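J.: If you want the building blocks of each chain, they are given just below.
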Amino acid sequence: MNINETFRVSLEALMANKVRSALTMLGVIIGVTAVILLVSVGEGARKYIETELTGLGSNLLIITPGKVDTKGGFRPHSVGTVRKLSYDDALFLKRRSQYLKEAVPVILGTANIKYSNLSRDTTVIGITPEYLNLRILKIESGSFITQVDIDTKKKVIVMGKTTKKELFGHENALGKLVTVGESRYRVVGIMATKGVSLGMDFDDVVFIPVTSAEELFDTDKLFEIISSVKRPENLNAAIAEIKELLIKRHSNKEDFTITSQSDILSTMQTILTIMTGVLGGIAGISLVVGGIGIMNIMLVSVRERTREIGIRKAIGARHKDILIQFLIEAITLSILGGIIGIILGAGFSIVIPYFLPFYLPTQVTLWPVLLAFFFSMAVGIFFGIYPARKASLLDPIESLRYE
Amino acid sequence: MIVVKDIKKTYRMGDQSIDALRGVSLSISDGEFISLMGPSGSGKSTLMSIIGCLDRPTSGSYKLFNKEVSDISDDELARIRNEKIGFIFQSFNLLPRFSAIKNVELPLIYSGVPSEEWRKRSLDAMKAVGLENRIDHKPTELSGGQQQRVAIARALVNNPGIILADEPTGNLDSKSGEQIMAILQNLNEEKGVTIILVTHEPNIARFSKRIIHIKDGAIVKDEKNAHRNFVSALKV
Numbered sequence: 001m002n003i004n005e006t007f008r009v010s011l012e013a014l015m016a017n018k019v020r021s022a023l024t025m026l027g028v029i030i031g032v033t034a035v036i037l038l039v040s041v042g043e044g045a046r047k048y049i050e051t052e053l054t055g056l057g058s059n060l061l062i063i064t065p066g067k068v069d070t071k072g073g074f075r076p077h078s079v080g081t082v083r084k085l086s087y088d089d090a091l092f093l094k095r096r097s098q099y100l101k102e103a104v105p106v107i108l109g110t111a112n113i114k115y116s117n118l119s120r121d122t123t124v125i126g127i128t129p130e131y132l133n134l135r136i137l138k139i140e141s142g143s144f145i146t147q148v149d150i151d152t153k154k155k156v157i158v159m160g161k162t163t164k165k166e167l168f169g170h171e172n173a174l175g176k177l178v179t180v181g182e183s184r185y186r187v188v189g190i191m192a193t194k195g196v197s198l199g200m201d202f203d204d205v206v207f208i209p210v211t212s213a214e215e216l217f218d219t220d221k222l223f224e225i226i227s228s229v230k231r232p233e234n235l236n237a238a239i240a241e242i243k244e245l246l247i248k249r250h251s252n253k254e255d256f257t258i259t260s261q262s263d264i265l266s267t268m269q270t271i272l273t274i275m276t277g278v279l280g281g282i283a284g285i286s287l288v289v290g291g292i293g294i295m296n297i298m299l300v301s302v303r304e305r306t307r308e309i310g311i312r313k314a315i316g317a318r319h320k321d322i323l324i325q326f327l328i329e330a331i332t333l334s335i336l337g338g339i340i341g342i343i344l345g346a347g348f349s350i351v352i353p354y355f356l357p358f359y360l361p362t363q364v365t366l367w368p369v370l371l372a373f374f375f376s377m378a379v380g381i382f383f384g385i386y387p388a389r390k391a392s393l394l395d396p397i398e399s400l401r402y403e
Numbered sequence: 001m002i003v004v005k006d007i008k009k010t011y012r013m014g015d016q017s018i019d020a021l022r023g024v025s026l027s028i029s030d031g032e033f034i035s036l037m038g039p040s041g042s043g044k045s046t047l048m049s050i051i052g053c054l055d056r057p058t059s060g061s062y063k064l065f066n067k068e069v070s071d072i073s074d075d076e077l078a079r080i081r082n083e084k085i086g087f088i089f090q091s092f093n094l095l096p097r098f099s100a101i102k103n104v105e106l107p108l109i110y111s112g113v114p115s116e117e118w119r120k121r122s123l124d125a126m127k128a129v130g131l132e133n134r135i136d137h138k139p140t141e142l143s144g145g146q147q148q149r150v151a152i153a154r155a156l157v158n159n160p161g162i163i164l165a166d167e168p169t170g171n172l173d174s175k176s177g178e179q180i181m182a183i184l185q186n187l188n189e190e191k192g193v194t195i196i197l198v199t200h201e202p203n204i205a206r207f208s209k210r211i212i213h214i215k216d217g218a219i220v221k222d223e224k225n226a227h228r229n230f231v232s233a234l235k236v
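Protein chains in written order, with our numbering: chain V, 1 to 403; chain H, 1 to 236.
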């Protein structure tokens with residue numbers, strides 16, 4: 001029996017029971033749709049993180065106090081016994097290193113900011129002027145912190161868009177005095193909108209000179225030193241150099257951690273790949289359930305068509321012919337379901353984000369589509385082979401007598 | 001052409017075993033027209049299934065075209081059924097979903113005949129049974145006699161040397177039955193097709209050249225039919 005004829009016969013058999021075939025396919029359709037949709041959400045998240053992180057610059061090295069052996073990821077805020085990193089460490093690194101372009105000390109804290117009768121608790125970041133370019137931030141009006149501000153511990157403040165709006169509304173804020181903690185700071189600049197990046201709302205922060213921050217929070221402990229490498233290819237050399245310089249300076253102890261942007265990226269990638277895999281796997285289970293549906297219906301179909309099988313065998317169909325005929329029916333159901341599922345899954349992945357009130361990045365990629373397609377085909381073969389074999393092994397005489 | 005020697009067939013049903021055939025020997029040569037007669041349960045259908053390569057004997061030897069059937073593989077037997085043997089059943093056994101001509105085409109799709117020839121050959125077979133104007137009818141849209149003629153066309157489409165008919169007129173009125181017999185007789189006379197007919201009706205058996213009586217799984221009488229009837233007066 002040639003393959004075209006087999007396909008035609010299988011399609012005719014499926015068309016003879018349209019509702020039943022459609023319902024059987026529905027199991028596979030739902031399974032494949034779920035696989036594509038969930039994997040697309042996972043991939044979208046991965047892509048989002050990747051863009052965000054590489055947007056911060058790939059030549060950044062972040063030095064934090066305390067030794068953490070695991071690379072990248074989220075570190076616990078180390079307080080207490082951990083040896084501090086200081087403003088002088090940052091200056092020292094910048095002065096002595098041959099690979100580093102910048103080394104910006106960062107002090108992070110929260111403070112209450114008051115203007116007339118309005119007040120707001122917000123994140124205060126103490127930095128040096130180089131921070132602006134390092135984090136790819138932009139000033140909208142006024143100016144950023146200057147080196148003179150640092151050197152003179154001047155009480156000046158640059159506000160994020162949101163903070164400014166909360167405190168001043170549409171009023172001009174430049175030149176106004178605000179109260180931060182217990183001191184008065186003059187507003188010298190307003191940042192351009194940056195938006196949320198990796199959970200940090202850069203519009204709801206204020207920047208002050210790092211030296212003023214030391215006084216404000218009464219500390220000389222840095223939150224981190226952000227440094228940039230002159231050439232990205234020297235990243236590893238720079239890490240080794242920073243280690244050497246700081247260990248010497250910290251009485252031969254490695255009491256700090258250097259994290260590169262790519263470390264964070266690869267950690268996030270790993271987490272999200274696992275997440276995507278888990279989501280896809282869960283969706284895959286429903287695909288297997290769909291396959292069991294196919295097997296169930298094929299078994300019913302074999303029983304119903306016992307007589308047909310007997311007739312076909314009597315007039316010369318071999319085991320193989322019957323086996324292939326029923327197998328192709330099962331595979332047609334699963335592949336057709338797979339294709340519809342792929343279309344629906346990809347369609348939902350593209351359309352659904354537009355109808356959600358929150359941001360959901362989705363990314364339809366080729367591999368889950370191929371995977372879902374071949375998996376659904378495999379499901380068809382796996383769950384089709386048993387009923388098909390059952391059909392092919394039927395005894396022709398008994399089948400012909402079957403009512 | 002067909003040589004059966006001491007064939008036995010035993011069916012097991014639970015712990016009971018039933019002897020359907022208890023040693024049957026028989027030889028049939030080319031161009032014969034044989035009726036296998038006997039009451040129901042006599043083993044005549046079992047014998048026909050074995051001759052038609054649908055079933056294998058429990059013991060004994062069956063040579064078809066000088067080849068021992070027990071040595072032939074299942075796939076090869078399927079090919080023999082496809083090319084050398086045509087089957088006609090009491091209940092027609094047409095596929096209800098398919099049109100008449102599609103039913104007739106069915107043996108061709110399992111044969112080596114190229115698909116371009118299917119239509120022409122099945123049309124010829126439909127003409128041979130006088131149904132060339134009913135090709136697109138579904139079996140349910142045809143009378144019993146017409147359905148059986150479609151079944152005959154299906155049996156003929158691969159030009160087999162042997163036609164096995166199991167009570168072909170059993171579900172038909174006598175006029176349709178005679179029509180069927182006329183076609184079979186014509187095939188036997190004109191084309192030399194060997195016809196083996198299973199029946200319990202003496203009325204039907206009288207059209208054949210040789211009548212074999214079977215009872216309780218054994219041949220009790222094997223006779224030439226000297227007073228053979230012809231239905232050639234009935235034109236189809």
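FYI, nobody ran anything at the bench for these hints, they're computed from the structure. Treat the hints with care, as some may be off.
Think about it this way: if two alpha-carbon atoms lie no more than 25 Å apart in a straight line, the pair counts; the simulated DSS-like pairs of lysine-lysine are [claimed, not checked]:
#, chain 1, residue 1, chain 2, residue 2
1, H, K221, H, K209
2, V, K84, V, K114
3, V, K176, V, K221
4, V, K101, V, K84
5, V, K94, V, K153
6, V, K67, V, K84
7, H, K191, H, K215
8, V, K243, V, K230
9, V, K18, H, K138
10, V, K18, H, K102
11, H, K209, V, K320
12, H, K215, V, K320
13, H, K8, V, K320
14, V, K101, V, K114
15, V, K165, V, K138
In this text the structure is predicted, and so the values were computed from the model without any measurement.
J.: Does each hint hold? Answer for all of them.
T.: Here is how each hint holds up against the structure:
1. H:K221 / H:K209: holds (14 Å)
2. V:K84 / V:K114: Violated. K84 of chain V to K114 of chain V sits at ~31 Å, over the 25 Å cutoff.
3. V:K176 / V:K221: violated (29 Å)
4. V:K101 / V:K84: holds (23 Å)
5. V:K94 / V:K153: holds (20 Å)
6. V:K67 / V:K84: holds (11 Å)
7. H:K191 / H:K215: violated (32 Å)
8. V:K243 / V:K230: Given pair K243 of chain V, K230 of chain V holds - Cα atoms ~17 Å apart, limit 25 Å.
9. V:K18 / H:K138: Holds, at roughly 19 Å.
10. V:K18 / H:K102: holds (21 Å)
11. H:K209 / V:K320: Violated. K209 of chain H to K320 of chain V sits at ~39 Å, over the 25 Å cutoff.
12. H:K215 / V:K320: It is violated: about 37 Å lies between the C-alpha atoms, which goes past 25 Å.
13. H:K8 / V:K320: Given that 25 Å is the threshold and the Cα spacing comes to 29 Å, the pair is violated.
14. V:K101 / V:K114: Violated: K101 of chain V and K114 of chain V sit about 37 Å apart, past 25 Å.
15. V:K165 / V:K138: Holds, at about 17 Å.
Consistency with the previously given hints fails for numbers 2, 3, 7, 11, 12, 13, 14, ordered from lowest to highest.
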